[in-house]
Amino acid sequence: MKEMPSVIDSEVFLAFSTYATIVVLKMMLMSPMTAYFRFTRKCFANMEDTGMAKTPEDKKRMLRVDPDVERVRRCHQNDLENIIPFVVIGLLYTLTGPDLSTALLHFRVFVVSRLFHTVAYVLPLPQPSRGLAWMVGMGATFSMAYRVLSTTHL
Amino acid sequence: MKEMPSVIDSEVFLAFSTYATIVVLKMMLMSPMTAYFRFTRKCFANMEDTGMAKTPEDKKRMLRVDPDVERVRRCHQNDLENIIPFVVIGLLYTLTGPDLSTALLHFRVFVVSRLFHTVAYVLPLPQPSRGLAWMVGMGATFSMAYRVLSTTHL
Amino acid sequence: MKEMPSVIDSEVFLAFSTYATIVVLKMMLMSPMTAYFRFTRKCFANMEDTGMAKTPEDKKRMLRVDPDVERVRRCHQNDLENIIPFVVIGLLYTLTGPDLSTALLHFRVFVVSRLFHTVAYVLPLPQPSRGLAWMVGMGATFSMAYRVLSTTHL
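Chains as they are written, first to last, in our numbering: chain A, 1 to 154; chain B, 1 to 154; chain C, 1 to 154.
Just so you know, nobody snuck in bad clues.
Copies of the same chain look alike in the list, so a pair counts if it fits in one copy or across any two.
Dumping the calculated DSSO-like pairs for lysine-lysine here, alpha-carbon to alpha-carbon at most 30 Å: (1) Lys42 x Lys60; (2) Lys54 x Lys42; (3) Lys42 x Lys59.
These are calculated hints, taken from the structure and not from any lab test.
Could you put together the complete structure from these sequences and hints?
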């Protein structure tokens with residue numbers, strides 16, 4: 001890989017690449033989890049998805065809102081709202097050339113906080129476990145954003 | 001463009017850049033499509049958007065949920081949940097230095113699957129066309145994520 | 001930072017880095033704003049979030065939809081639908097090597113339009129202020145996408 005610029009060969013970039021992929025894959029797995037709950041709860045959003053029903057009445061009955069499905073969807077939405085900012089700001093942070101140990105601390109705190117957030121949301125665990133997980137993840141992203149803004153200029 | 005590092009001049013990066021832009025533009029076009037259905041169906045989410053109504057009763061009647069608008073919005077949400085992971089993982093995959101032909105295969109399969117997904121969702125086409133399109137797109141992203149994780153290290 | 005490739009040291013990249021971080025931070029602040037409205041309106045989506053209630057009846061009464069909370073959430077969703085495409089296409093645009101002044105114009109128009117969009121949505125201001133802010137932001141992103149597509153090839 002001689003054509004790679006050194007920043008991309010750097011250990012910080014490789015660490016970012018790995019942790020960003022892990023946390024984005026975790027986010028993507030919320031889609032199959034939603035599908036699983038939709039099929040087991042027989043609860044769909046589109047008429048064409050109710051093919052397993054035998055009568056038109058059954059079809060209509062499957063077009064409903066289920067609390068378990070909605071819980072998984074809220075968790076997925078929270079992932080979109082938090083993981084994507086982490087990926088964007090984490091990439092810019094990586095390019096500011098931070099220490100490997102500081103960068104790893106940020107990436108690991110964020111990824112662990114979001115894995116715990118998902119468990120706390122889906123089970124659910126009693127509050128404030130989910131709230132704290134959310135705040136820790138936000139804190140890691142804000143800390144990286146601070147470095148990006150203080151090493152660049154308008 | 002002599003200041004460009006070679007990875008960014010590479011054909012894989014140029015291909016990623018083009019396909020990512022196409023698929024993000026497709027996602028962005030869901031917003032005007034939602035606006036189009038909101039205006040033609042006279043169905044809005046905010047009181048200040050009902051300026052075309054003449055009486056207060058008409059305004060209130062326009063604050064409603066319309067099945068066609070909701071269908072386009074669900075398609076848009078599914079795009080957010082699938083296209084953004086493709087862009088993130090696709091960029092990291094591009095930086096691992098894959099073969100051009102393998103990379104093009106991944107990018108083209110994903111983009112075609114999402115274009116077909118939108119058609120299948122909005123018309124709608126009978127299932128499992130939309131479900132299969134969604135799975136093919138997920139598969140392309142998972143395949144790129146596998147390469148990212150196997151060529152980096154924690 | 002001698003190991004940085006020159007594209008990343010470039011002034012366009014530093015400008016992108018700053019404006020992208022600002023607008024992503026703005027988007028992230030919609031989460032605490034939603035939390036603020038949820039607590040002051042006593043309106044939650046999850047049973048485990050209603051710990052401040054004293055009786056089971058109070059808990060159930062807090063599981064409701066509040067128009068102020070929904071307004072902030074729609075603003076947050078609109079940010080996801082617009083700011084993330086800006087970040088993706090803005091990064092690719094930055095790597096095409098545009099003039100600094102042209103790039104700054106795109107970034108500043110976008111960031112100002114989204115700050116104004118949030119004010120127009122949350123207060124709310126009368127239409128078409130929010131609609132125009134949304135269109136100006138879309139225009140800036142489309143203009144950058146045009147340059148990305150015309151300087152790359154399939």
